[in-house]
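> As a plain string of letters, each chain reads:
There are 2 protein chains.
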Amino acid sequence: MGLKLYCFGESGNAYKAALTLTLCGLEWEPVFVDFFHGEARSPAFREINLMGEVPVLVGPDVKLTQSGTIQLWAAERTGKLLGDRAEALRWVFFDNHKVSSQAGALRFHMNFLDPKKREPAVIDWLKGRLASAYKVLEAQLERTPFLAGDEVTIGDTACCGYLFYPEPFGFDRAQWPAIDAWLSRIQALPGWKHPYDMMPGRPSDRAPA
Amino acid sequence: MGLKLYCFGESGNAYKAALTLTLCGLEWEPVFVDFFHGEARSPAFREINLMGEVPVLVGPDVKLTQSGTIQLWAAERTGKLLGDRAEALRWVFFDNHKVSSQAGALRFHMNFLDPKKREPAVIDWLKGRLASAYKVLEAQLERTPFLAGDEVTIGDTACCGYLFYPEPFGFDRAQWPAIDAWLSRIQALPGWKHPYDMMPGRPSDRAPA
Chain A
1 MGLKLYCFGE
11 SGNAYKAALT
21 LTLCGLEWEP
31 VFVDFFHGEA
41 RSPAFREINL
51 MGEVPVLVGP
61 DVKLTQSGTI
71 QLWAAERTGK
81 LLGDRAEALR
91 WVFFDNHKVS
101 SQAGALRFHM
111 NFLDPKKREP
121 AVIDWLKGRL
131 ASAYKVLEAQ
141 LERTPFLAGD
151 EVTIGDTACC
161 GYLFYPEPFG
171 FDRAQWPAID
181 AWLSRIQALP
191 GWKHPYDMMP
201 GRPSDRAPA
Chain B
1 MGLKLYCFGE
11 SGNAYKAALT
21 LTLCGLEWEP
31 VFVDFFHGEA
41 RSPAFREINL
51 MGEVPVLVGP
61 DVKLTQSGTI
71 QLWAAERTGK
81 LLGDRAEALR
91 WVFFDNHKVS
101 SQAGALRFHM
111 NFLDPKKREP
121 AVIDWLKGRL
131 ASAYKVLEAQ
141 LERTPFLAGD
151 EVTIGDTACC
161 GYLFYPEPFG
171 FDRAQWPAID
181 AWLSRIQALP
191 GWKHPYDMMP
201 GRPSDRAPA
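Chains A and B are the protein sequences, given in the same order.
Throughout the first sequence, residue numbering follows UniProt numbering, covering 1 to 209 in sequence.
Throughout the second sequence, residue numbering follows UniProt numbering, covering 1 to 209 in sequence.
Okay, chain A solo, but in the shape it has when bound (with noise of 0.2 Å):
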């Protein structure tokens, strides 16, 4: 048996191990978690994680959830993408408290919430919150190509991973020049897929509501 990864398309965190354990080198096969339909926070997942989170990994000899905890694995078991490790996961758990938690919320309120439930406040707000994190990659990514210095680490698989998705939620790549070069720089990756074409289940995949 190898590496199972509970997962959907839609969900940046799940695309942080995805991407990872790509770029690692590491096959693995993904499991569809029907997120839209409550799969995630179902008794019987929350037995698999009682998180109800995705992503979750399983393999022979592991069980991992939490992507930071998934991406610290992958890149310790296969010496890739560690880079300066004390200075990856710094970037890892900016991207956990700064970027993806923020963006993750966001870009799930002004798409697929329920229309009547959005609120313009909320909404305001977090993108505020999210402009300070994105001026914080802009500056270090000024300074050096990747994250963590001149080579790819977890820290940018983190931070990456809800910067490709088409759907709107305040993030413009032509707003700012580095991160923009940084996310080409990421897609030049041998092996690199976008989370869409890298995980099952999409937008389209539903009805519209």
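Among the hints, erroneous ones may be present.
All copies of an identical chain are treated as equivalent in the list; a pair is satisfied when it fits inside any one copy or across any two copies.
Simulated pairs of lysine-lysine, DSBU-like, Cα-Cα distance not exceeding 35 Å [what the hints assert, rightly or not]:
1. Lys116 / Lys80
2. Lys80 / Lys117
3. Lys116 / Lys63
4. Lys80 / Lys4
5. Lys116 / Lys127
6. Lys63 / Lys80
7. Lys127 / Lys117
8. Lys135 / Lys117
9. Lys116 / Lys135
10. Lys117 / Lys193
Hint data in this document are derived by calculation from the structure and do not stem from the laboratory.
Following the hints, put chain B in place on chain A, whose structure we already have.
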């Protein structure tokens, strides 16, 4: 020269690092960062940490930012608070993603932000997000005394980071019996101190807004 931790009392993120260093038995001294007068986002501080955030740990052979990075370093260096590392780390990441990023923002919004700028919709939204996260903590702590099992780990010193603060942010220990008992177990650990007793700076030091 020993370990210096850039911090301030109101920062739950800094507290996660301070409490971890202390429970690991490492000697450290605080360097006060005057967040409420903008020091964390000053050009001088950005030279120390581009992210404009505490905590930052500086020592003879180390300079680390992001609480999770500091926590992992302290645990690996001392062999304490590590438990099953992957289990501990998943709670550190859960904290960064789902607990502290929301709790820190909500507490700031409800207590330290200019009242004219407070948005009820944002407050309600953050309270809802946090209630989901507290449910996950409660469910795990009904099963095990600490988040990663029988022993305290950096997962605990992460997830508790904001939960000892007295300012209102919608968290009431009495509503969450398993979380309440767990916080009491943490408070009983040798060396535990409240954030305002462990780091310099507290609201009563400042003139009312």
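> Confirm or reject each hint.
Hint check:
1. Lys116 / Lys80: Neither: 45 Å inside a copy, 49 Å across copies.
2. Lys80 / Lys117: Neither way: Lys80 and Lys117 sit 43 Å apart in one copy and 45 Å across, limit 35 Å.
3. Lys116 / Lys63: neither (38 Å within a copy, 47 Å between copies)
4. Lys80 / Lys4: Classified as both: same-chain Cα gap 20 Å, cross-chain 32 Å, threshold 35 Å.
5. Lys116 / Lys127: Cα proximity of Lys116 and Lys127: in one copy and across copies (19 Å, 19 Å).
6. Lys63 / Lys80: Both. Shortest intra-copy (20 Å) and inter-copy (23 Å) distances satisfy the 35 Å Cα cut-off.
7. Lys127 / Lys117: This pair counts as both: shortest intra-copy Cα distance 17 Å, inter-copy 15 Å.
8. Lys135 / Lys117: So Lys135 and Lys117 pass the 35 Å test inside a copy (29 Å) and across (22 Å) alike.
9. Lys116 / Lys135: both (31 Å within a copy, 26 Å between copies)
10. Lys117 / Lys193: Cα proximity of Lys117 and Lys193: one copy only (33 Å, versus 42 Å across).
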